[in-house]
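Engineer: One-letter residues, chain by chain:
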Amino acid sequence: MQILIILLQIAALLAIVLLHVAYTTYFERKIIGHMQVRMGPMLVGWHGLLQPIADGIKSFFKEDIIPEQADKPLFLAAPIICLVTMLASLAVLPFARGWVLADINIGLLFLFAMSSLASYGIILAGWASNSKYTFLGGMRSMAQVISYEIPMGLSLVGVMMLSGSLNLTEIVTAQGTSIFSIYLFPQIIGFFVFFIAMLAETNRVPFDLPEAETELVSGYLTEYSGMRYAMFFMAEYIGMMVMASIGTVCFLGGWNGPFEIPFFPPFWFILKVYGFLFLFIWIRATLPRYRYDQLMELGWKLLIPLALLNIFLTGLFKVFT
Amino acid sequence: MLNQLAFLYCASVIIGTALLAVRFKNPVYSVLSVLVLFFHMAGLYLLLNAEFLAAIQIIVYAGAVLVLYLFVLFLVSLREEVKIERFIKSHRLATAVSIGLGLSLLMIIPSFKLGAKGEYPVERITELTHTKAMGFELYSTYLLPFEVAGLILLIAVIGGLVLARKEEEIK
Numbered sequence: 001m002q003i004l005i006i007l008l009q010i011a012a013l014l015a016i017v018l019l020h021v022a023y024t025t026y027f028e029r030k031i032i033g034h035m036q037v038r039m040g041p042m043l044v045g046w047h048g049l050l051q052p053i054a055d056g057i058k059s060f061f062k063e064d065i066i067p068e069q070a071d072k073p074l075f076l077a078a079p080i081i082c083l084v085t086m087l088a089s090l091a092v093l094p095f096a097r098g099w100v101l102a103d104i105n106i107g108l109l110f111l112f113a114m115s116s117l118a119s120y121g122i123i124l125a126g127w128a129s130n131s132k133y134t135f136l137g138g139m140r141s142m143a144q145v146i147s148y149e150i151p152m153g154l155s156l157v158g159v160m161m162l163s164g165s166l167n168l169t170e171i172v173t174a175q176g177t178s179i180f181s182i183y184l185f186p187q188i189i190g191f192f193v194f195f196i197a198m199l200a201e202t203n204r205v206p207f208d209l210p211e212a213e214t215e216l217v218s219g220y221l222t223e224y225s226g227m228r229y230a231m232f233f234m235a236e237y238i239g240m241m242v243m244a245s246i247g248t249v250c251f252l253g254g255w256n257g258p259f260e261i262p263f264f265p266p267f268w269f270i271l272k273v274y275g276f277l278f279l280f281i282w283i284r285a286t287l288p289r290y291r292y293d294q295l296m297e298l299g300w301k302l303l304i305p306l307a308l309l310n311i312f313l314t315g316l317f318k319v320f321t
Numbered sequence: 001m002l003n004q005l006a007f008l009y010c011a012s013v014i015i016g017t018a019l020l021a022v023r024f025k026n027p028v029y030s031v032l033s034v035l036v037l038f039f040h041m042a043g044l045y046l047l048l049n050a051e052f053l054a055a056i057q058i059i060v061y062a063g064a065v066l067v068l069y070l071f072v073l074f075l076v077s078l079r080e081e082v083k084i085e086r087f088i089k090s091h092r093l094a095t096a097v098s099i100g101l102g103l104s105l106l107m108i109i110p111s112f113k114l115g116a117k118g119e120y121p122v123e124r125i126t127e128l129t130h131t132k133a134m135g136f137e138l139y140s141t142y143l144l145p146f147e148v149a150g151l152i153l154l155i156a157v158i159g160g161l162v163l164a165r166k167e168e169e170i171k
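In order, the protein sequences belong to chains D and W.
Take the first sequence: its position 215, counting from 1, is numbered 215 in my numbering, and each next residue is one higher.
Take the second sequence: its position 77, counting from 1, is numbered 77 in my numbering, and each next residue is one higher.
Hints are computed from structural coordinates only; laboratory data are not their basis.
All values reported here derive from a predicted model rather than from experimental measurement.
Positions of the beta carbon are idealized from the N, C-alpha and C atoms, including for glycine.
Take the hints with a grain of salt, since some may be wrong.
Computed cross-link-like contacts, EDC-like style, restricted to lysine to aspartate or glutamate with a CA-CA straight-line distance of at most 20 Å [claimed, not checked]:
#1 W/Lys25 with D/Asp71
#2 D/Lys58 with D/Glu28
#3 D/Lys318 with D/Glu170
#4 W/Lys132 with D/Asp103
#5 W/Lys132 with D/Glu170
Label-pair distances were calculated between CB atoms; the ranges are [stated by the list, open to error]:
#6 D/Ile10 with W/Ser98: 42 to 50 Å
#7 W/Lys25 with D/Phe320: 58 to 66 Å
#8 W/Lys132 with D/Tyr292: 39 to 47 Å
Reference listing, derived: stretches of chain D covered by chain W, where coverage requires no fewer than 3 residues with Cβ under 8 Å from a Cβ of chain W [what the hints assert, rightly or not]:
#9 103-112
#10 143-153
From just these sequences and the hints, can you work out the full model?
Structural biologist: Written out as structure tokens, the structure reads:
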């Protein structure tokens, strides 16, 4: 019985998240469209509202092309690895008090572990497709993920130190319910580092070098088609949501808001995640891409020292108060 | 019962993937079977209530070290079914050596003894959470070994920096 309830919860969460993925792509196209003074999708449904559904059905029925020279088992497995690790990280996110599938003690570390595993999907896709573009995209992604995982982890150490826990629910509880007690203010350096590392980890503009379409066709995605392409796509968007949720939980006080919403406790959490997603899209519409050496320099020479400084300052703060 | 089954599963997968890692002719596949091995190592840690170690095992070994291995592999040989010759030509010699090694390992097993019970039984760890228990121990009882390990790592980092610098100057 217990297992059945959990399975139902998992199914509900998956359905909601996948629906969100579909409509994030819709809003991305709409918002970027309006920012560039055009309409975005308009034809399918009212103001193109059914566009993501149509896209989903289309990619589902498209032919799944496997290149002749590809390493077949790995080529087929890569998108699944990507999607599964991203979906697995949803399990530990606390959407509201008690609204979490697995309330484990090492929630934050689990998220790191899953996000670092997702890079395997990209690397293997790049290698197994056996094409120059995908290979270059995979290599870039590898270097990028390794480099930015360090500042990402270090930037959250401050949060761990202040809350004294790795459990996401406890991190939210430790921040209190007032808007002035959220960790954004004492951890402003940490948040800055986290935000940039978050963009890089999710391969978003301005760090979208692994799939830089102007130079690498589509990076590691080039040889993929149909549903497998869509799986990478979903993984990327779920990754964005997971990162936005980490930001919300660790810096913005999770589900706590100015006042309680009856019947729907995750309201503020979802609102904050939407805020992050809007920022992702806004940045994509605004910024050009970094050059590869600039990317590395930013990660190793600026973000990591800043994150270490943040840990040092947080330590001092802890000692003297 | 369930724990024992889980242990048996993890242990057998570990042995199987370890063998596969040696047997695969394509090094990329070897690295991937080691990846599966690391997962099941993490599973073993979880069975021992060492959740922090399990997470670190995945983050550091699976997420960073193995990715670096892949990186090196890709740099060394760009695709094209990478195949490596056997280390030793003589099959008989190899068999003899490995059987001898296996036998000596088997002979060690009887002298294996369970250590004395420490001050951290399972109940206390679940109450403290493993992360905290490990932190306390690491920074109090085992402070000196911890610092020594840190120093060794620092030396390695500096060594790496020096090596990288030298190559640049030669160019």
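Engineer: So, for every hint listed, does it hold in this structure?
Structural biologist: Verification of the hints:
no.	hint	in the structure
1	W/Lys25 with D/Asp71	holds, 14 Å
2	D/Lys58 with D/Glu28	holds, 19 Å
3	D/Lys318 with D/Glu170	holds, 18 Å
4	W/Lys132 with D/Asp103	holds, 17 Å
5	W/Lys132 with D/Glu170	holds, 14 Å
6	D/Ile10 with W/Ser98: 42 to 50 Å	holds, 45 Å
7	W/Lys25 with D/Phe320: 58 to 66 Å	holds, 60 Å
8	W/Lys132 with D/Tyr292: 39 to 47 Å	holds, 41 Å
9	103-112	holds (count 6)
10	143-153	holds (count 5)
This entry satisfies every hint, going by the numbered hints stated previously.
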